[in-house]
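**Student:** In order, the protein sequences belong to chains A and B.
Counting in this note's numbering, the first sequence runs from 1 upward without gaps.
Counting in this note's numbering, the second sequence runs from 182 upward without gaps.
Just so you know, not all the hints are guaranteed correct.
[Claimed, not checked] Derived DSBU-like pairs (lysine-lysine); straight-line CA-CA distance at most 30 Å:
1) A:K2 to A:K111
2) A:K111 to A:K10
3) A:K10 to A:K97
4) A:K179 to B:K360
5) A:K111 to B:K360
6) B:K360 to A:K120
7) A:K10 to B:K360
[Said to hold, decoys possible] A few chain A residues facing chain B, derived, Cβ under 10 Å:
8) A3
9) N6
10) I8
11) W13
12) A28
13) V46
14) P56
15) M62
16) V76
17) V80
18) T143
19) I170
20) Y177
[To be verified] Not everything, but these chain A residues come out facing chain B in the computed CB check (under 7 Å):
21) I20
22) S33
23) A90
24) G94
25) G141
26) S144
Quick caveat, the hints were computed from the structure, so don't treat them as lab data.
C-beta atoms are modelled at their ideal positions from N, C-alpha and C, and glycine is treated no differently.
Here's the letter readout for the chains.
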Amino acid sequence: MKAILNYIHKEVWSPYIAGILLGLVGIAAVWISNSLLGASGAFENVAGLIGKAVAPAAFDNMYFNFIMPPGITVSVILVVGIFFGGMLGAATSGTLKWGAKDTANSDPQWKRIFGESTAKRWGIAFIGAIILEYAAGIAGGCTSGLAISGGMLLAPAAYLFIAGMFASGIVTALVIYGKRY
Amino acid sequence: MNYIVALILGVFFGFSLNKAGLTKYNKIVNVFRFTDMAVLQFMMTALVVSMSGLYALRGLGLVTFPSVPATYIVGNLVGGLIFGVGMALSGYCPGTCAAGAGEGKLDYIVPGLLGFLTGAVIYGLTYEVVFPGISAIANYGNVVLPDLWHLDPFLTVLTFALMSFLLFYLIDRAGWQRKEK
């Protein structure tokens, strides 16, 4: 019992143990409610909600009316859960640091490659996030909604996505890191 | 899925992402540099566990599969290729960003979440130009691999599991991992 508690307090687990936990969550989603995990769809629901409030005419299109209707959907609640899950995980290892200034680019590896500029970190992260969400739209899901959820059902879509993701991830890392790859 | 179930599953999901270390920039990027394979180990473990569980439960008649993510070869692949660029730039994906935001990291909360919303808006407004065309090419619908290629589902899962274990062996024992410079 004490060993288990000590393990929960560890900051980083074996990826195998954490992976087993995620696998069980994936099973539970199907078994309990016949649905799949996902994250990228939630941002589309919320984007539609904000868009329709701010500029109703522009957001009155097929996508926001029928494909991804806006609202606080179960996908959004799932992402809220992910948020609190990350918080809980950090709290158990004493690494929860709300809005602390040095968390902006706290990663030593980032600093080594890009320096300490917060603006640079935020700018690159913002562009990266736009690319991620747009790509998830085209692919039909992200790492959770397509790679994990589709992969566990053996959907070919998931493995095509994973192959593409690794190929371009490796090339991008090669370009960014250059001699330090 | 109802709200309570979504929230609880989300918490476990986010918790597993935090404990796997995936809410850190370096964990995500280093899988593309082959210096830390935790992302791959975590994903493959989750896939083996959930795939075995779900195909076994379906074999026993205890679950039916929810709508399988659609396979449209070019779109899944191109989406994955764009996605990998965003991942290597930002060091997160939609799920891990939500969990990292819960840990209080400002570069996950502000540029991350805003970037996803921006990406969702751009996607939603260009959907009709992009998606119907790309998803019509080589579209196999909501199919799973055993049905598509007429394979025995249990042998397919077993093969996937054995390939994953071989990969884990190669990463952990045979040193298929580069040393950080």
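**Student:** Each of the hints needs a verdict: does it hold here or not?
**Tutor:** Each hint, compared with the structure:
1. This hinted pair does not check out: K2 of chain A and K111 of chain A have alpha carbons roughly 37 Å apart, beyond 30 Å.
2. Restraint check for K111 of chain A and K10 of chain A: satisfied, since their Cα atoms lie roughly 25 Å apart, inside the 30 Å limit.
3. About 16 Å separates the Cα atoms of K10 of chain A and K97 of chain A, which keeps this hinted pair within 30 Å; it holds.
4. Of the pairs offered as hints, the one joining K179 of chain A and K360 of chain B holds, with about 14 Å between alpha carbons and a cut-off of 30 Å not exceeded.
5. Restraint check for K111 of chain A and K360 of chain B: satisfied, since their Cα atoms lie roughly 19 Å apart, inside the 30 Å limit.
6. A threshold of 30 Å between alpha carbons decides the hint, and for K360 of chain B with K120 of chain A the separation of about 27 Å falls inside it, so the pair holds.
7. With a CA separation close to 24 Å, the supplied pair K10 of chain A and K360 of chain B stays within the 30 Å bound.
8. Interface restraint check: A3 of chain A against chain B, minimum CB-CB distance 16 Å, threshold 10 Å, status violated.
9. Interface hint status for N6 of chain A: violated, as the beta-carbon distance to the closest one in chain B is roughly 13 Å, over 10 Å.
10. Hint on I8 of chain A holds. Least Cβ distance to chain B is approximately 8 Å, under the 10 Å limit.
11. Interface restraint check for W13 of chain A: the shortest CB-CB distance to chain B comes to about 4 Å, inside 10 Å, so the restraint holds.
12. The beta carbon of A28 of chain A comes within 6 Å of a beta carbon in chain B, closer than 10 Å, and the hint placing it at the interface holds.
13. For V46 of chain A, the interface hint holds, since its Cβ comes within 10 Å of a Cβ in chain B; the closest pair sits about 6 Å apart.
14. The criterion of a C-beta within 10 Å of any C-beta in chain B is not met by P56 of chain A, whose closest approach is roughly 13 Å, and the hint is violated.
15. Because the closest C-beta pair between M62 of chain A and chain B is about 6 Å apart, less than 10 Å, the hint holds.
16. Checking V76 of chain A against chain B by beta carbon gives a least distance of about 9 Å; that is within 10 Å, so the hint holds.
17. Contact between V80 of chain A and chain B, as hinted, is supported at the beta carbon level, the nearest pair being about 6 Å apart and thus within 10 Å.
18. A distance limit of 10 Å between C-beta atoms decides the matter here; for T143 of chain A the minimum to chain B is near 4 Å, and the interface restraint holds.
19. At a threshold of 10 Å, the smallest CB-CB gap from I170 of chain A to chain B is about 5 Å, leaving the interface hint in force.
20. Satisfaction of the interface hint for Y177 of chain A is found here, the shortest Cβ-Cβ separation to chain B being roughly 7 Å, below the 10 Å cut-off.
21. With 7 Å as the threshold, the beta carbon of I20 of chain A comes within range of chain B, its nearest partner Cβ sitting at about 5 Å, so the hint holds.
22. For the restraint placing S33 of chain A at the interface with chain B, the shortest Cβ-Cβ distance is roughly 4 Å, inside the 7 Å limit, so the hint holds.
23. Hint status for A90 of chain A: holds, given a least beta-carbon distance of 4 Å to chain B, under 7 Å.
24. A hinted interface residue such as G94 of chain A counts as satisfied when its beta carbon comes closer than 7 Å to some beta carbon of chain B; here the least separation is about 11 Å, so the hint is violated.
25. At its closest, the beta carbon of G141 of chain A sits 6 Å from a beta carbon of chain B; the interface hint therefore holds under the 7 Å criterion.
26. Interface hint status for S144 of chain A: upheld, as the beta-carbon distance to the closest one in chain B is roughly 4 Å, under 7 Å.
Violation of the numbered hints given earlier is confined to hints 1, 8, 9, 14, 24; the remaining hints are satisfied by the structure.
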